[in-house]
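Based on the provided sequences and hints, a complete structural model is requested.
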Amino acid sequence: MDDGLESRLKHLERGYRRMQGVAFAALALAGVGLGAAAFRTEAPTGALVASRLTLVDAQGRPRATLAAELEGHTGLVLRDAAGHPRALLGVTAEGSPRLRFSTAGGDTLAELTVYSEEAPRLALANAGGTEFFAVGLFPDGSSRLELADESGRPRAILGADEHGSPGLLLVDRKGQTRATLRVSPSDSASLVLEGRDGEVFQAPSSVQ
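Just add 18 to wherever you are in the sequence shown, counting from 1, and you've got my numbering.
Don't read these hints as lab results, they were simulated from the structure. Hints may be right or wrong, so weigh each one.
Mimicking SDA-like on lysine to any residue, the simulated pairs with C-alpha atoms at most 25 Å apart in a straight line are [unchecked claim]:
hint	residue 1	residue 2
1	K192	N144
2	K192	G146
3	K192	L209
4	K192	F150
5	K192	P172
6	K192	V153
7	K192	D215
8	K192	L165
9	K192	S208
10	K192	F151
11	K192	E212
12	K192	L211
13	K192	F219
Next up, the structure:
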């Protein structure tokens, strides 16, 4: 088994998990009690300036909110007829732009985020909010595509390091890597398979 590749991919996975934890909930603009925004007209341009703007439908229900929060978050939230946030376009206080689509219950179905101005990530989830697909590029130039099971556990991980050398990991339900296929920076290929009882097959017989 190529411990170097597995270690790098696990390191990238932990990095994305940490980035997913970036505080972004403030952009949900919880509740419809939005309060009165302070509006003013700037002379001589006539520009309208406000920290929060809300659009309502014919029944007076809030359907779109554009706001700049004190914490530094800025975003546009679109709501359904029942008042549930369903789509969000925003920028975090750290400067990361994000596009998110959610269920009426608040679970994220799809999310596109750009980290560090050069690291985009697209994630898709089921109706319960569990991610089953994610693809992204890291600031160091490495990339990763991940397929997960119904519990959100990564099962197939396709990645390329900062030099473009590709690798594929197949993982069992316990998180144990069972198959590794990779091409090294020197263009040599290797395959490692691990059975349930610990037996290992690798080709070539001595993996560099």
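Q) Is it true that the CA of K192 sits at most 25 Å from the CA of L211? A) It holds: about 16 Å lies between the C-alpha atoms, which stays within 25 Å.
Q: Please work out if K192 and N144 have their alpha carbons no farther apart than 25 Å.
A: Distance of about 21 Å is within 25 Å: holds.
Q. Does K192 pair with L209 here, judged by a C-alpha cut-off of 25 Å?
A. Between K192 and L209 the Cα gap is close to 21 Å, so the pair holds against 25 Å.
Q: Decide if the proposed pair is consistent with the structure: K192 and F150, CA atoms, cutoff 25 Å inclusive.
A: Holds: K192 and F150 sit about 17 Å apart, inside 25 Å.
Q. Can the restraint linking K192 and D215 be considered satisfied, given a maximum Cα separation of 25 Å?
A. Answer holds: K192 to D215 is near 14 Å, not above 25 Å.
Q. Between K192 and E212, is the straight-line Cα distance small enough, at 25 Å or below?
A. holds (14 Å)
Q) Would the pair K192 and P172 pass a check requiring their Cα atoms to be no farther apart than 25 Å? A) Cα-Cα ~10 Å, so holds.
Q) Regarding the pair K192 and L165, is the alpha-carbon distance no greater than 25 Å? A) holds (15 Å)
Q. CA of K192 to CA of S208, is that 25 Å or under?
A. Holds, at about 24 Å.
**Q.** Restraint status (C-alpha distance of K192 to V153 at most 25 Å)
**A.** holds (22 Å)
Q) Given the hinted pair K192 and F151, is their alpha-carbon gap at most 25 Å? A) It holds: about 19 Å lies between the C-alpha atoms, which stays within 25 Å.
Q. Are K192 and F219 close enough, with their CA atoms no more than 25 Å apart?
A. holds (20 Å)
Violated hints for the displayed structure: none, as all numbered hints are satisfied.
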